[in-house]
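Participant: Residue numbers (the numbering used here), protein chains in the order written: chain B, 1 to 707; chain H, 708 to 864.
No lab work stands behind these hints, which were simulated from the structure alone.
Don't be surprised by glycine CBs; every beta carbon is placed ideally from N, CA and C.
Do not take every clue at face value.
What the hints assert, rightly or not - What follows is a set of in silico ranges between Cβ atoms, one per label pair, in the way DEER data are often shown: (1) B:Q649 to H:K825: 23 to 33 Å; (2) H:K825 to B:Q212: 35 to 45 Å; (3) B:Q391 to H:G863: 55 to 65 Å; (4) B:Q212 to H:D709: 30 to 40 Å; (5) H:K763 to B:E529: 53 to 63 Å; (6) B:L388 to H:T724: 34 to 44 Å; (7) H:G863 to B:D192: 52 to 62 Å; (8) B:S170 to H:Q719: 50 to 60 Å; (9) H:Q838 to B:E15: 30 to 40 Å; (10) H:G863 to B:Q212: 26 to 36 Å; (11) H:T829 to B:H304: 44 to 54 Å; (12) H:T724 to B:R220: 27 to 37 Å.
These are the residues of each chain, in order.
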Amino acid sequence: MNIPPVQPEDEQLIEPVGYDFGLKRRAFVQLLGAGLLVAVSATPALAQRRGGRGGGGPGNIAARVHLGKDGTITVMAGKVEGGQGARAELSEAAAEELRVPVSRIQLVLADTSLVPDDGITAGSGSTPRTVPAVRHGAAAARELLINFAAKRWGVEPGTVQVQDGKAIHSSSQRTLSYADLAADEEAAKGLDQAVPADVALTPVTEWKVLGQPTPRPNARDLVTGAHQYPSDISRPGMLYGKVLRPPSYGAKLTAIDLGPAQAMKDVVAVRDDQFAGVAAPTTFLAEKALDSIAKTAKWEPAPHPASKDLFDYLKQHVPGGVPANPFADELSHAKHALQQTYHVAYVQHAPLEPRAAVAEWTDGKLTVWTGTQNPFGCRSELARAFHLGDQQVRVIVPDFGSGFGGKHTGETGIEAARLAKAAGHPVSLRWTRREEFTWAYFRPAAVIQIEAGLDDKNQLACWHFININAGGSGIETPYLAGKHQSQSVRSESPLRQGSYRCLAATGNNFARESFMDELAAAGGVDPLEFRLAHLENSRLREVLETAAQRFGWKERIKQKNPKLGIGLACGTEKGSYVAACAEVEIDPAGKQIAVRRVCEVFDCGAILNPSNLLSQVQGAIIMGLGPALREEMNFENGEVLNPNFRRYQVPRFADVPELDIHLLNRPNHDSAGAGETPIIAIAPAIGNAVFQATGVRLRSMPMRLPA
Amino acid sequence: MDSTITFTVNGQSRTVTTDPQRPLLDVLREDLKLTGTKYGCGEGQCRACTVLLNGKSVASCVTPVRDADKQTVLTIEGLAQGSQLHPVQAAFLEEGAYQCGYCTPGMIMGVVGLLSEKPKPTEDDIKTRMQRHLCRCCGYPNLTKAIHRATALQQGK
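Just chain H, same shape as in the assembly (with noise of 0.2 Å):
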């Protein structure tokens, strides 16, 4: 049975009628054509689709979207402001921590969501919460040197 749901997105306020059981993720991908998310397992275990859901990041491949309604997203397209990318998002650029890039959005978004949870965290924080995130391409030590930078830019070292 379908269900409206009504929640913010990246800022803007969008309606879906839908069913609540979808995954966030699919009703950005295929309703609101948001497809920076990605899907990488389906199961969490790869967080190549991670979202921040009220600031908090989540995998949305395992989130109902029924868990929005009335709250607030944050896709990888709401990072930016304009033209000005998000440090986090500047600090993977600067650092090339990217191959095929396809689990990039979603490592941003987990860093994202760790420097809003935790601005100034430990190296242990950095790698539990990142240990989540898989990148195939196996891209890590630039990956590390890019979560080290924006974690710098966000502390303004």
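Extracted from the complex, chain B is given alone in its bound form (with noise of 0.2 Å):
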């Protein structure tokens, strides 16, 4: 198996708050605490820190896998689990090798002081590069005892076999446990050598843990609410925090009385230039005292353009302008021309559990349990911000309630620690719904133009596709195009913007998804036929031909009926293919779309754990309608006009279609993360049907029928 290399970040989106608390800003620092400031002795984090085992790179087998003389057996990743199953596909990985049953496995994830430096959870990237380490290093692990046992024994390692642990020598029916090499001094010493970068790992028809259904291992603590998530950390004499946030977008603080704060009994203040917050012993305190100090607040407001004027103002904030079509020839000489533009609202991520971060300082040194999917990257935020070295810090992050890549940076756990800081006690900083709505960051709004021409047998003669804003992430078209171009051009966001599951795939695929079927339209070919006559990729025309054979598709498309539609839409991003088709019920007044059926099928390589991908791609599908049809942030004077569930509206049950979902398995191929790319199809497809059914087409995400 390949291990493809570490991409360059340039797919994530970060955009830290770049927060500064120097030495030379402590002049402006304003500390109060009342009566509350009772010494506790902070207890040490954790006492089994190990230290230093960040530093990236594959490492040496035991900053991998470490082996206890009393058989436990850590397994150690820089990966995340938000909910997408990264605990029970790295634990399969490394039970597959190791040879021992998933229960055997305690994995330790993300705390930056025990694990290698995997990298950020994003991009899919766990999947086709951490699974293989993880591998890697538990192969290594597997090989040194049967090496160990070859040895003791006197006999030939290829007559060793590892199996439910223990290396056996059926001959002579001996055995030894990965404990007996933990305890056998020189033989332990094997574990600090480099991973052999040539250790042989299971074929995939071996395969007995990975390739099956495989439950998160810590899901009994899940529904019984005994795990801890960031916001549930509690230390000893911590208190709950809050940050003062500006009224509107871009707003500078002037002036501030932290009095009325420091009047209260337990309460501190602090104030750091354009920082401000409290911490109090209950979070209905802080909040209070932060209402009290609020009032006192002087802003120098910023102007802010509103939503309603958001694609005018992207496209004339594009530096240089927008570049002009270089087919412009081609396209006048098509036997059919066409040019379209497509707008993609922002949108939210709205993990269920905000922003959240504990923050503890001991001795100088800092500890944060926060939900991010950026642990080390976290760390880098945190040691910038406060003038310490990386080894200073220490970024714990416990399974956190979702994240959906809105999660890539580390303000909360700053904030935090800046309180905690002005404290002298542990402070929890949880965001509020509000905050998290208005202050987090947003998927990047985009303006998509696309300019085609067709020649006289229906094919693509020339292509051009230009993303304003969002960015290039399943930009290029895996269709057949005589001259073609796709490039995306940056703009200036009035909003913050970040990675968000697939980031500017779906905008880029709804685009040309929803423009191949305007020009199947115009070429009068079904669009199916359509897209098969210019796709060359075999796996993706698979996965196309399959939903469309499910759906019934070549026999639905003869039907007519204006209140209900069919559509199609496939595409591949990240290693993985994805094909949909979508019937949606337009209500008798012709306003409502309702999504009533989907067919998706999803080819992500040889599928790890079955019953988790089924898992994300349902999620992808439904969490992907939110945006199709109801999703966008709306704002004016610098304030965001919907920061809540009420008017922001996420899919819930009602919501849900029927769902007819294929996993197509690919033994052969190498594994692909498939998290994200099973959103991408679902909006073009909605787009599609409701156009086969009223002849209305809708070219905005959220996409509305006219009022």
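With the hints as a guide, bring the two chains together.
Facilitator: As structure tokens, then:
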């Protein structure tokens, strides 16, 4: 199996807040603490600190697998669990190669003092990169056990097998365990060797654990409430924090009186340049204290465009202007020439657990428990903000309450740490839903312009595609086209923006797949046939043809019904392939779109955990209904107008369509990540279905029928 | 002005002296360290904070703690009997009805509340009640299976 190189993070959009609490600003710090500051003996975060293994690269075997003399097997990885299934998948990976059941694996994730730096958990990278890295480390440990046993027994390593965690010499019926290896001083030194690059991994045909449906190892703690999410972490003497937010985007704090908060018993208040916040023994008191100083704050507002003007604003703020179509000449000679513009609104991840962190200072060192997808990046952010070395900061990421690309930055940890520093106590900070909807970052909005021409055989003669602002994920067309160019150009985003499940690939596929349907209609060709006539990639063809066949496309497309439409779309991204067919119902008044049925076929190579994969595909489709039909950030005068679940309506039970999901297993292909790509086909399939029913083409996400 | 609130939480009598306006959610999490009940929105819109107050499911984020004075509260921590999971918990575990799991305690309490109010809920009862609960991972298919399994278990099927 080839391990793809770590990609530059060009597909991740990370915009940290950029806090700087340097020494020079000390003069601005106003510290208050009335009665509460009793000395507490802060217990060291964790006794078993091992230090300094976050250096990146494959490292030695011990950095990945720790074998206890008591038989415990601890595996370490720098990835996080936010519901996408990394914990089960990485446990399976280790169990497979160590030849033990998953239940034997104790998996430590994302503690920067304990685990290797496996990079950000994003871009569907855990499956193609971290699973092989864990497998290599575990396989190397297995080989050590074989060699240790062979040496002790004086037999050939080839005659030793590993089963259920034991090396076995079957002819002499002798066994040795991983615990025996750990207890042998000489043999255990082998664990300090680098993971050999050529260590043999278990071939797919011999997988016993990988490829099997595997529940999340800590699932029981989820249903009992025992699992501690970042917002559940409690430390001795801990206070609850609140941070003052500007009344509008870009507003600058010019004055504030901390007095009213100071007057409250047990409340700590701090201002440090633009940062102001409070900490108190309860969230309720912290809120009261914050309200009291917010009333005294003076702000200097800044102009900010409204969402109703957003798309013009984005077009007008492209540095150097929007590039012209280099194929204007080809377009003018085409039999059918088409140009269209598509829009994608800003949307929010709205993870159910808002950003949360607990920060604790001990002897000048900082420990932060937080829900981030980027533990080592978050550590760097903290180190920068407080002018510390990386080794003075420890970030621990408990399995957290979802991210979807929305938790790549470390601002909450920094804010909690700033408050903790002022208070001299650990501080827990959990953003409110309103804060999350306003001060977190958003999936970039986009203006997408496409121009293309068909020749007299209805083949694409030229293709020009521009994404303004949202980025280049999934921008290259998988379809054959004569002269073609696809490009993304920057603009000035009015909102803080960042990654989101599949990032720009959702908008790019929405525009491309809608436009392909428009071209098919212009040429008078069936949308399925039109796509197949331009597709060479066999895996993409197969998902598309399978979806169409399962859905009964060829028969159903012949029927016309103004209240019931069908549409399809396909795409490829991050090494996986997806196609969806959707059936939509239009209400009698012709205003509401309801998605009744979705058939989606997905191919992500060799399937590692089919039950988790199915959950990811289901979740991606249903989540995708939100930005397709309803979700968009509305803002005016620098204020978000819909910062709550009442006005920003995410999918609920009643939105779930009938789902027919088919997972195409490809044992001969490397496994690709699967948490993202299944989201890209749903919006265009819906838009195409609405067109098929009504003849109305919806070119803006979220899609709404004209009133 | 602080008040003394005495209530039964998961079968135990608890007393807190606190501002009676504080959300029940905060008192459970911060004073009693029962963190299984989650904050999701603070407005009763997501129901991650669902607990049972006298057997009925409520959004604890918008329930002032004074409403719980001399009343009975059941949280996710009080559901299992020792190591024996409540049937609704068992159904969620069996069906893999979690992704990140953050909505799970509230969902489970919502189903327990529904079944205690209506031991034989109709499909419409289930849909109407569970429509209040949000799962941002959109794990609704497995959640739906778990709810049906739990309902069947309740009815001894």
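Participant: Quick check: does the Cβ-Cβ distance between T829 of chain H and H304 of chain B fall within 44 to 54 Å?
Facilitator: Holds: the Cβ-Cβ distance is about 49 Å, inside 44 to 54 Å.
Participant: Honestly, do S170 of chain B and Q719 of chain H meet the 50 to 60 Å range at C-beta?
Facilitator: The hinted range 50 to 60 Å holds for S170 of chain B and Q719 of chain H, with Cβ atoms some 56 Å apart.
Participant: Within 53 to 63 Å or not, the Cβ separation of K763 of chain H and E529 of chain B?
Facilitator: 57 Å, holds
Participant: Quick check on a hinted range of 55 to 65 Å for Q391 of chain B and G863 of chain H, using CB atoms only.
Facilitator: Because 59 Å falls inside the window, the suggested range holds.
Participant: Taking 30 to 40 Å as the stated bounds, is the beta-carbon spacing between Q212 of chain B and D709 of chain H within them?
Facilitator: 55 Å, violated
Participant: Per the hint of 35 to 45 Å, is the separation of the Cβ atoms of K825 of chain H and Q212 of chain B within bounds?
Facilitator: 38 Å, holds
Participant: If I claimed the Cβ atoms of Q649 of chain B and K825 of chain H lie 23 to 33 Å apart, would that claim hold in this structure?
Facilitator: For Q649 of chain B and K825 of chain H the Cβ distance comes to about 27 Å; the hint holds.
Participant: CB of T724 of chain H to CB of R220 of chain B, is that within 27 to 37 Å?
Facilitator: Holds, since T724 of chain H and R220 of chain B (Cβ atoms, about 35 Å apart) stay within the stated range.
Participant: Does the Cβ distance between L388 of chain B and T724 of chain H fall inside 34 to 44 Å?
Facilitator: Hint holds: Cβ distance 40 Å, inside 34 to 44 Å.
Participant: In this structure, is the beta-carbon distance linking G863 of chain H and Q212 of chain B contained in 26 to 36 Å?
Facilitator: 32 Å, holds
Participant: For the pair G863 of chain H and D192 of chain B, does the Cβ-Cβ distance stay inside 52 to 62 Å?
Facilitator: Given about 58 Å between the Cβ atoms, the range holds.
Participant: In this structure, is the beta-carbon distance linking Q838 of chain H and E15 of chain B contained in 30 to 40 Å?
Facilitator: 35 Å, holds
The earlier numbered hint that this structure contradicts is number 4, and it is the only one.
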